[in-house]
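Protein chains in written order, with this note's numbering: chain A, 1 to 448; chain B, 449 to 733.
Just so you know, these hints were derived from the structure itself, not from any lab. Values in this document were obtained by computation on a predicted structure and should not be read as measured data. Treat the hints loosely; a few may be bogus.
Distance windows between CB atoms, simulated [unchecked claim]:
1) A:Asn-404 <-> B:Ser-472: 43 to 49 angstroms
2) A:Glu-393 <-> B:Ser-472: 25 to 31 angstroms
3) A:Arg-369 <-> B:Gln-535: 40 to 46 angstroms
4) A:Ile-371 <-> B:Asn-614: 42 to 48 angstroms
List time: in silico EDC-like cross-link candidates among lysine to aspartate or glutamate, alpha-carbon distance up to 16 angstroms [what the hints assert, rightly or not]:
5) A:Lys-396 <-> A:Glu-432
6) A:Lys-259 <-> A:Glu-247
7) B:Lys-733 <-> A:Glu-247
8) B:Lys-733 <-> A:Glu-102
9) A:Lys-187 <-> A:Glu-102
10) B:Lys-652 <-> A:Glu-102
11) A:Lys-289 <-> A:Asp-322
12) A:Lys-437 <-> A:Glu-317
13) A:Lys-264 <-> A:Glu-247
14) A:Lys-137 <-> A:Glu-82
15) A:Lys-396 <-> A:Glu-314
16) A:Lys-434 <-> A:Glu-394
17) A:Lys-225 <-> A:Glu-212
18) A:Lys-289 <-> B:Asp-483
19) B:Lys-733 <-> A:Glu-314
Ideal placement from N, C-alpha and C gives every residue a C-beta, glycine not left out.
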Amino acid sequence: MLRILLIAALSVGIAGTAYWGYREHQQKNAILIHAENNYQRAFHDLTYQIDLLHDQIGTTLAMNSRQSLSPALVEVWRLASEAHATVGQLPLSLLPFNKTEEFLSNIGSFSYRAAIRDLDKQPLNAEEYKALQQLYKKSADIQQELRNVQHLVLENNLRWMDVELALATNNRPNDNTIIDGFKTVEKNVQSYNETDFGPSFTSVEKREKGFEHISGKKITEAEAKQIAKTFLGLKGNEKIEVVHSGEGASDAFYSITIKNPKTKSETYMDVTEKGGYPIWVIENRPVNKQNISLNEATMRGLQFLKQHKFNNFELYESTQYDHVAVLTFVTSQNGVRIYPESIKMKIALDDGNIIGFSARDYLSSKRDRTIPKPAISIEQARKKMSPNVTIMEERKAIIMNNMNEEVLCYEFLGTLGDDTYRIFINAQNGIEEKVEKLQNPEPIYGEI
Amino acid sequence: MRKWFICLFLIFSVSYTSQAHAFSQQVIQRGAVGDDVIELQARLQYLGFYRGKIDGVFGWQTYWALRNFQSRFKLPVDGLAGPKTKQRLVRASKYYKSFVHENLRKGNTFTHYGGVPLSKQVKVRQTRTSNRTATQKAANTQPKKRTNPQQTASRNARTAAVNVPNGFSQNDLQLMANAVHGEARGEPYIGQVAVAAVILNRIKSPSFPNTVAGVIFEPGAFTAVADGQIWLTPNETSRKAVLDALNGWDPSGGALYYFNPNTATNGWIWSRPQIKRIGRHIFCK
Chain A
1 MLRILLIAAL SVGIAGTAYW GYREHQQKNA ILIHAENNYQ RAFHDLTYQI DLLHDQIGTT
61 LAMNSRQSLS PALVEVWRLA SEAHATVGQL PLSLLPFNKT EEFLSNIGSF SYRAAIRDLD
121 KQPLNAEEYK ALQQLYKKSA DIQQELRNVQ HLVLENNLRW MDVELALATN NRPNDNTIID
181 GFKTVEKNVQ SYNETDFGPS FTSVEKREKG FEHISGKKIT EAEAKQIAKT FLGLKGNEKI
241 EVVHSGEGAS DAFYSITIKN PKTKSETYMD VTEKGGYPIW VIENRPVNKQ NISLNEATMR
301 GLQFLKQHKF NNFELYESTQ YDHVAVLTFV TSQNGVRIYP ESIKMKIALD DGNIIGFSAR
361 DYLSSKRDRT IPKPAISIEQ ARKKMSPNVT IMEERKAIIM NNMNEEVLCY EFLGTLGDDT
421 YRIFINAQNG IEEKVEKLQN PEPIYGEI
Chain B
449 MRKWFICLFL IFSVSYTSQA HAFSQQVIQR GAVGDDVIEL QARLQYLGFY RGKIDGVFGW
509 QTYWALRNFQ SRFKLPVDGL AGPKTKQRLV RASKYYKSFV HENLRKGNTF THYGGVPLSK
569 QVKVRQTRTS NRTATQKAAN TQPKKRTNPQ QTASRNARTA AVNVPNGFSQ NDLQLMANAV
629 HGEARGEPYI GQVAVAAVIL NRIKSPSFPN TVAGVIFEPG AFTAVADGQI WLTPNETSRK
689 AVLDALNGWD PSGGALYYFN PNTATNGWIW SRPQIKRIGR HIFCK
C-alpha cells in the first residue's frame, strides 16, 4: 500500500516537474525569439537605410540648384544619423566596427554643414563634389557588402543570438558569416581616406583636444611627486605612488595616488609629463555638514587659483550639491571672457578645502591670443536678437562655435517667460552663433 | 461673517508668525541650496519680485528676481544676497517661516505673496495612498523618513528641487549610477568615476550612440547590463562618482573602453592602445 502511494506521489511530482520544465523552456524560447527579432529588425533596417542613403547621395550628385540641393543634403544627414542609431542596436560593440560608425557620422556632419550654408553665395566647390563622389562610391561598397550578408542570413537562417554567443565566448570567431561580413565592411571603410572631405571639414575625430599649446620640458617621476606635494600642500607623511600613462594616452602624464594614513583619505591626481601641469585632482572623503557658504567657497577657489599662478580668472558658474560646491572659473582678458579656458573646482563646505580640480579644458585651449576688434557695435548686435527676449546682462566673450572655431561674440543673458537664455552674436558678422536655454533646478519627483 | 473672518485671521496670525530675525550670516549666491534660499525666495515673492516656485534652490529665476529687487531698492545690482540686501529685504517683507516649511515638507503647491491670506495660497497635495486631507494627516503622522534613493540623508530635506549638471536629469544620473554600481562597485572611487567618464566619452564619440540610455543599453557593451547586475540598487558612492564625471572630471584620460584583464574573453580588446590602469580595470582608446 505504502509503495503504491509513494509511486503515485512520485509520478505526480515527476509529471509536475516535467510540466514546469516545459513551461520554462517555452518561456525562454519566447524571450529568445523576441530578442532575436529585435536584432533582425535592426539589421534589416540598417541594410535598407544604407540603400536609401546610397541613392540619396547619388541624387545630390546630379543636382545643381540650391533649392533642391539643400533639402537633399538634409535628407542624407537624416538617413546617415538613422543608420548610425541602428548600428548601435546591433550586438557589435565588441567587434571592431568603429570605422563604419565614424564613416556614417562623418557623412552626417558633412551633409549637414553643406545643407545649412547658403549655397547661393558659397556653392559646393570642386573638392566637395569630389568628396561627395567618393562617399557615393564608398556607400555603394558598403551597400553591396551588407546585401551580401543579408542574403546569406536569409538563405541560411542565420541567427543573431549565435553571433552574440560567438562574440561572448570567442570560440570560433572566424567561421561566423555575419561577423565575417561585418568585418569586410569595416575593412572596406578603413581604406577610405579621411582627408577626402575637403579642407573646410574638420572631422569629428580630429576635434579631440590634446594639450598642444602647453610648453615646458619633460618632468621625471620625482618631479611629478614634488609638484603634487606643493600643489596639494602635503605635509610629508603621506604615501605617494606615481605611475606613468600607457601608450594610448594622447598626451603622456603621470598618475599620482596619495594616501593619508591619518585621515584615511585618498587623493588622486594626473600631471602632464610635458611641463608638469596638474590635469585634475580628486580627493575622496565624506563631507557631511556645511560650515561655509557657497560664496565663501568661491573666494577660496579664486585665492587658490591666484596662489598657483592661474591669473585673470573669474567665476562663471557656481552650484551646490549636498555639502560640496562645484565651481567653474574662466579667464577674462581685457573684459572679454574666454570660455574655452575654464577650470573646475570642487570645494568641501565643511572646512573649505579644495577636494577637486580639473584644468583639462584650460590646458587644451590655453594660448596667447590677440582679441580682434569687433566689426559691429553692441547696439547692432542687440538688434539681431529675438525681440521676445528681455536682455538682462551683456558682455563680450570668446567661444567655440559649431564649426569648432574660436569666435569673438557679444554674449547676452536674457529671459523669455520663466526661462533664461544665453545668446551669442558673432561680433564680426552678426551671426547668431549659439543659443542655449539655461538649466533650471529640477524638482524632486515622487516625494512623500 | 465678518466675525468669522477675523477669527480665521487670528488663527493664522497665531500659527504662522512672521519673523523679524532670520537669514544666517552667509552671502547667498546663485547655485546655493538650503534654508536661506527658501527664505530669500519667500521674501522676494512676498514683494512680488519672484513668481516661481519656492523650492530652496537659487536658480536663474531667483537670480533675476533678486537683481530686480536690488535695482528697485537702489542697492548695488550684483545678484548676491549680502548683508545690506538681506537687511533691506527683511525690513520690506514678512516671512511666515513655519507656513513655508510645513508646506514644503508636505509637498503642497503654495505661494507666499504679500497681501493675500495664506490660507488661499495653498493647494493641498493629494497622496495616492489615502484620501485623508493633508491637514489631518500632518496632525496625526510624523513626517516619515524619506526613502527616496536619490536623496542622501545629509542633504537638506526641505528643498523641493535639486541642482543637476547642465544637460542631464536626475534620472540620467540614476541610470548611470546603476550602470557604474553594476560594473565597478568593488573598484576604488576613482575607478568608478573613470567608468562613468567612459560612458560620457562614448556619448561624445561618433562611434557610439549619443544618449545615456543608448550607450548603456547598447547590446554587449557592458557586462552588467547583459547579466542584469545593473538593476542592483546603487550606493551613494557610485552616485557621487557619476556626479563628478558629469561635472567634468575624467580620470580615464579620454578612454572609450575598459576591461578586466583577468576575465576579458575577447582578444580584440587587448589590441586597443592602453591609457592607464585603475584598480582592476585597464582603460583604453
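*Looking back at the numbered hints, which does the structure fail to meet, lowest number first?*
Hints 4, 6, 13, 14, 17, 19 contradicted; others consistent.
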